[in-house]
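Chains as they are written, first to last, in this note's numbering: chain A, 1 to 289; chain B, 1 to 448; chain C, 1 to 275.
If you are wondering where the hints come from, they were derived from the structure by calculation, not from laboratory data. Please read all numbers here as calculations on a predicted model, not as lab measurements. Some hints here could point you the wrong way.
With a straight-line cut-off of 30 angstroms between C-alpha atoms, the simulated BS3-like cross-links for lysine-lysine are [as the list claims (entries may be wrong)]: (1) A:LYS164 <-> C:LYS161; (2) C:LYS165 <-> A:LYS197; (3) B:LYS52 <-> C:LYS178; (4) C:LYS165 <-> A:LYS284; (5) B:LYS72 <-> B:LYS153; (6) B:LYS72 <-> C:LYS220.
Chain A is nowhere near these chain C residues, computed Cβ spacing over 10 angstroms in every case [to be verified]: (7) TYR8; (8) GLY9; (9) PRO39; (10) PHE49; (11) PRO50; (12) LEU53; (13) VAL64; (14) ALA89; (15) ARG99; (16) ASP101; (17) HIS132; (18) PHE159; (19) LYS161; (20) ASP174; (21) SER218.
By construction, the Cβ of each residue, glycine as well, lies at the ideal position given by its N, Cα and C atoms.
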Amino acid sequence: MHKLERKTYSISFAIPWLLIYGIFFVLPTLFSFYYAFTDWDLTSAKFSGFSNFVEMFNNPVFSTALANTAIFTILSIILKVAVSLALAMALYHCVASNFFRTIFFSPYVLSYIAIGVLFTAIMHPEIGVLNKALRAIGLDFLALNWLIEKGQVIYSLVFIDVWKSAGFHLAIFIAALQTIPSDMMESASIDGAGPWKKFRYITFPMLASAFNANVIFALIVGLTKFDLVFVTTGGGPGYYSEVLKTLVYKQFAMGRYGLATAGELIIFVIVITLTVTMRKFLDKREVEV
Amino acid sequence: MSKVIRTALFSLSAAALVTAAACGGNNASPSSSSTPPSAGSSESAGSANTDKKVTISHAVGGDSPSRDVWMKAIGEAVGVELDIQVLPLEQMEQIYKVKAGTNDLPDLISYHPGARTRDDLQAKDKLIDLSDMPIIQNILDDIKPYYVEQDGKVYGVPGQALKFGGIAYNKKAFTEAGVSIPQSLDELFAVSEQLKAAGKVPLYLSAKDSWTLQIPGLAAFSYDQLQSPGILDKINTNQATFKDAAHFIEAFDTMKKMVDQGYVNSDYLSATYTNGLQAISEGKAGMYPVLTSAFSTILDTTPDLINDVGFFPWPVEGDKTVTVWPPMIYGIPQSSKNADAVKKYIEFFASSEGQKIYFDTLPAAGVPAYKGVELDESKLLDPVKEMIEVTKTAKQFATVDFSVVANMGAFGQTVQEILMGQKSGADLAAELSDILAKNAKAKGAPGF
Amino acid sequence: MKSRSLPYGQIVLIAVLSALSLLILVPFYLIFINSLKSPAEASELGLAFPSKLEWSNYSKVFEVADLPLAFTNSVVLTFSSVAIILISAAMAAFVIQRRKDGWSSALNVLVMLGLVVPPAIVPLYKVLSFFHLNGTILGVVLINVATRSPLSVFLANQFLKSISKEIDEAAIIDGCGKYKLFFRIVLPLMGPIMVTLFIFNSTFVWNDFMYVLYFLSSGKQMTLPLTMYLFTGQFGSMWNLVFANILIISAPLLIIYFFAQRFIIAGMTAGAIKG
């Protein structure tokens with residue numbers, strides 16, 4: 001059987017992907033990490049040891065960016081997964097699920113450039129729709145300076161990202177929900193299981209791998225968030241919404257390519273450590289459930 | 001149903017491979033310069049170019065329909081086609097730097113002059129020396145050092161008009177408030193008070209586009225250059241820092257004071273550059289720190305309001321200076337296969353005929369960079385007249401941005417912090433000195 | 001639903017979902033309604049109905065940007081990339097999920113790497129010029145495939161867990177070859193996830209501007225999302241045109257999504273019957 005298995009699931013299936021991926025991603029990327037240890041101006045690279053890493057950590061904005069990235073990541077994981085799971089369950093039981101699913105996914109097709117423009121307009125403190133609506137219903141105290149005040153801007157960015165991406169996570173949950181055999185649900189109903197029990201003992205375990213995938217994606221996306229911040233606030237005002245990626249990008253923009261690569265490598269180590277830890281934790285939980 | 005999906009997938013992938021390959025083929029043709037300068041690909045180039053117009057590729061930051069007009073006209077005059085790639089303004093520099101580093105620059109480049117061309121684009125290794133072009137003689141003497149290197153090499157010639165950094169003001173608003181152009185910072189505050197009383201926003205700031213916040217300091221730095229001669233050379237050799245640039249620092253502290261006294265638009269943190277242009281041309285705001293290239297945009301958007309705006313340099317007591325932004329260069333990369341055609345294009349652009357086309361299409365562009373180009377006085381727009389007037393009385397210094405030894409990055413975000421009261425002008429100067437020292441050290445500049 | 005009237009629970013559910021939908025629909029409405037206003041009215045960024053519907057805003061966008069060209073480029077780029085991603089990722093995921101050996105775990109590590117590591121622009125340039133691919137659409141297609149496919153391999157891998165290995169075994173016993181097994185039996189069962197991946201990847205590739213900016217260099221290769229930059233300079237204050245352009249850029253993706261999701265349901269029922 002083992003030999004047959006190896007023959008049936010031949011490595012040749014993976015070769016087209018491996019070729020493109022290896023040549024156009026793995027090679028150049030791993031190659032680039034060498035430059036993290038150099039002063040690199042694209043033509044010549046002077047070996048400089050760990051000095052880029054030291055400089056990166058000593059950057060006065062580094063700790064702000066790290067803190068903002070942490071807030072953004074933690075909050076966005078919780079909100080994205082919770083919101084999309086709740087929506088998935090609601091849609092699963094709703095007769096008009098097609099209609100609503102279409103709506104909830106639609107923000108995901110907007111480009112970040114468009115999202116940046118759109119929410120800059122919506123969250124404008126004086127003429128933005130959001131504050132106008134809040135004032136109209138008498139909630140003036142909630143009409144905040146969404147994108148321009150310390151302690152608000154990073155949360156506003158989380159909100160925008162959840163707004164955009166909940167549909168993505170929803171789609172993954174829905175794809176998984178479709179694999180639950182309907183006879184399983186029916187027999188559970190016949191056995192007299194209530195909705196909560198059905199969720200706890202049938203649906204949720206069947207969703208485990210989708211749940212894990214969603215957490216992992218939200219984690220990776222959160223830690224490496226760039227485009228949304230770049231187009232919406234550029235890390236500002238001041239450095240109130242600076243995240244690791246935008247900070248690294250600024251080194252790149254100054255022509256400090258070695259320093260920027262070192263920054264990417266730091267982010268990479270953070271992401272891989274947290275992802276592996278999170279995966280181990282989730283896989284263990286999956287077995288338990 | 002699954003059959004449908006399967007068939008669809010197969011036909012999709014087949015079609016994909018065919019179209020992608022076909023397009024790849026087309027784009028590798030000689031009309032596009034984007035293929036690397038390899039020796040092998042030249043056979044096909046020679047034959048195709050003989051009966052076809054040469055197409056020269058060009059990449060430029062930001063969109064402007066009038067640019068398309070005059071570039072096309074000049075292209076027609078010298079018999080070349082132009083293929084223009086529009087880059088987002090805020091990413092133009094990064095893309096140019098990477099393309100220089102990877103030998104992928106377009107045939108005709110347009111980039112910041114002086115140290116920026118020299119360093120960012122590694123001019124010595126990547127660009128063609130244009131010193132044999134006769135038009136070099138015609139470059140205005142004041143800005144020549146930004147195009148002619150100390151060793152006589154020329155990696156780019158002016159590709160625009162001169163622009164200046166200072167304050168755009170609305171004349172109607174000034175008349176209404178009964179004020180005239182301030183000559184010192186004290187007067188700036190006095191004028192602001194009266195503008196405010198007249199119901200105007202005295203000074204408009206657009207912090208959302210943080211680069212606009214850098215202008216006052218860069219404009220004020222020329223007073224440092226006037227009053228402490230040699231300060232720039234000292235900064236470039238690490239004998240002085242921005243901490244010694246008192247007027248530079250004061251400019252940012254002045255902006256903060258203006259905010260504190262309520263002279264600045266209340267939504268300055270969400271306001272954009274285009275908001276600012278709108279406010280100043282419509283007269284809702286009295287003053288707005290800009291580069292004079294703003295006037296071309298105003299002329300494009302609201303032509304009937306262009307003569308309501310004017311220009312004056314950053315006001316400091318005593319002898320006046322104005323900071324000039326030497327025009328972006330036109331240059332040719334060594335990797336270009338169409339260098340001769342591009343040279344013809346540049347030559348014509350710099351000729352009086354070419355300059356006439358340029359200034360006819362862009363009447364608000366500013367002051368010509370080439371000697372002997374006569375602008376029709378009767379047709380001059382008001383802000384341009386004032387610009388020319390300023391250059392007659394104020395000593396000109398080029399912006400420190402183009403002459404500093406290493407890239408010091410954008411510092412608009414730190415100015416945002418100053419305006420929000422987190423930092424002071426002195427903090428900014430210290431920060432910039434630090435960044436400059438690190439970046440200069442990384443590139444091995446002497447003294448750091 | 002056999003009975004005509006909805007059960008109480010459904011009504012509550014629909015009411016709650018409708019309220020939530022407003023969070024999505026209002027911004028879309030904002031884009032739409034402002035795309036039909038005059039510049040002055042649009043600059044107020046409000047939800048009010050315009051005093052006069054300016055359909056000409058759309059023709060103005062067509063004047064400023066060469067939309068047919070940009071559209072064609074985007075379609076070629078997106079469909080080529082997505083088709084290659086889907087086929088190659090499904091095949092790779094099949095091996096990774098089914099084999100349980102060193103190869104499988106090594107490939108798994110590679111996939112995770114792709115999810116986590118950012119692509120490096122400058123070394124990519126070098127690879128492209130080695131193959132004489134810079135400045136070509138094919139080069140950007142390959143970069144898109146390389147950098148976006150790990151997500152698809154990962155998700156396809158997750159999905160394959162739900163397709164029982166017994167199906168494979170039965171097919172092999174029936175004398176089915178390995179390629180026939182995958183393309184005739186397994187791949188069709190992956191329908192729902194393939195459609196989902198089709199939608200995700202189309203969105204990524206369609207909206208990408210980094211690769212297009214860095215690796216293409218001709219105005220003739222402009223893609224639809226890049227036309228946004230034509231409305232940030234001189235037209236930056238013309239919110240009406242900006243919003244009209246956002247709609248034009250997003251419309252093809254929305255249409256693809258509306259059509260493609262019908263196949264998700266189709267795939268679902270097919271799977272349920274076989275399940």
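Hints, one by one, checked against the model:
Under the criterion of a C-alpha separation no larger than 30 angstroms, the hint pairing LYS164 (chain A) with LYS161 (chain C) is consistent with the structure, at around 28 angstroms. Distance check on the hinted pair: LYS165 (chain C) and LYS197 (chain A) sit about 29 angstroms apart at the alpha-carbon level, within 30 angstroms; holds. A threshold of 30 angstroms between alpha carbons decides the hint, and for LYS52 (chain B) with LYS178 (chain C) the separation of about 53 angstroms lies outside it, so the pair is violated. Between the alpha carbons of LYS165 (chain C) and LYS284 (chain A) the distance comes to roughly 23 angstroms, so the proposed pair stays at or under 30 angstroms and holds.
Among the hinted pairs, LYS72 (chain B) with LYS153 (chain B) is consistent with the structure: their alpha-carbon atoms are about 29 angstroms apart, no more than 30 angstroms. A distance of roughly 15 angstroms separates the Cα atoms of LYS72 (chain B) and LYS220 (chain C); the hinted pair therefore holds under the 30 angstroms criterion. Chain A leaves TYR8 (chain C) outside its interface by the beta-carbon criterion, the shortest separation being 13 angstroms against a cut-off of 10 angstroms. A beta-carbon of chain A comes within 10 angstroms of the beta-carbon of GLY9 (chain C); the shortest separation is about 8 angstroms.
With a least CB separation of 14 angstroms from chain A, PRO39 (chain C) remains clear of the 10 angstroms interface cut-off, as annotated. Chain A leaves PHE49 (chain C) outside its interface by the beta-carbon criterion, the shortest separation being 14 angstroms against a cut-off of 10 angstroms. Listed as outside the interface, PRO50 (chain C) is consistent with that label: its C-beta sits roughly 15 angstroms from the nearest C-beta of chain A, beyond the 10 angstroms cut-off. Residue placement check: LEU53 (chain C) keeps its beta carbon more than 10 angstroms from all beta carbons of chain A (closest about 20 angstroms).
VAL64 (chain C), annotated as away from the interface, keeps every beta carbon of chain A farther than 10 angstroms; the closest lies near 16 angstroms. Separation of ALA89 (chain C) from chain A is inadequate, the least Cβ-Cβ distance of about 6 angstroms not exceeding the 10 angstroms criterion. Its closest Cβ contact with chain A, about 5 angstroms, brings ARG99 (chain C) to no more than 10 angstroms, contrary to its assignment away from the interface. Its closest Cβ contact with chain A, about 8 angstroms, brings ASP101 (chain C) to no more than 10 angstroms, contrary to its assignment away from the interface.
With a closest Cβ-Cβ approach of about 14 angstroms to chain A, HIS132 (chain C) is found to remain outside the 10 angstroms limit, as its non-interface label requires. Interface exclusion of PHE159 (chain C) from chain A breaks down, the closest Cβ pair being 7 angstroms apart, not more than 10 angstroms. With a closest Cβ-Cβ approach of about 6 angstroms to chain A, LYS161 (chain C) is found to fall inside the 10 angstroms limit, against its non-interface label. Every beta carbon of chain A lies more than 10 angstroms from that of ASP174 (chain C), the smallest distance being close to 13 angstroms; the non-interface claim holds.
The claim that SER218 (chain C) is not at the interface with chain A holds, since no C-beta of that chain comes within 10 angstroms of its own (minimum 21 angstroms).
Checked against the numbered hints given earlier, this structure breaks hints 3, 8, 14, 15, 16, 18, 19; the rest are met.
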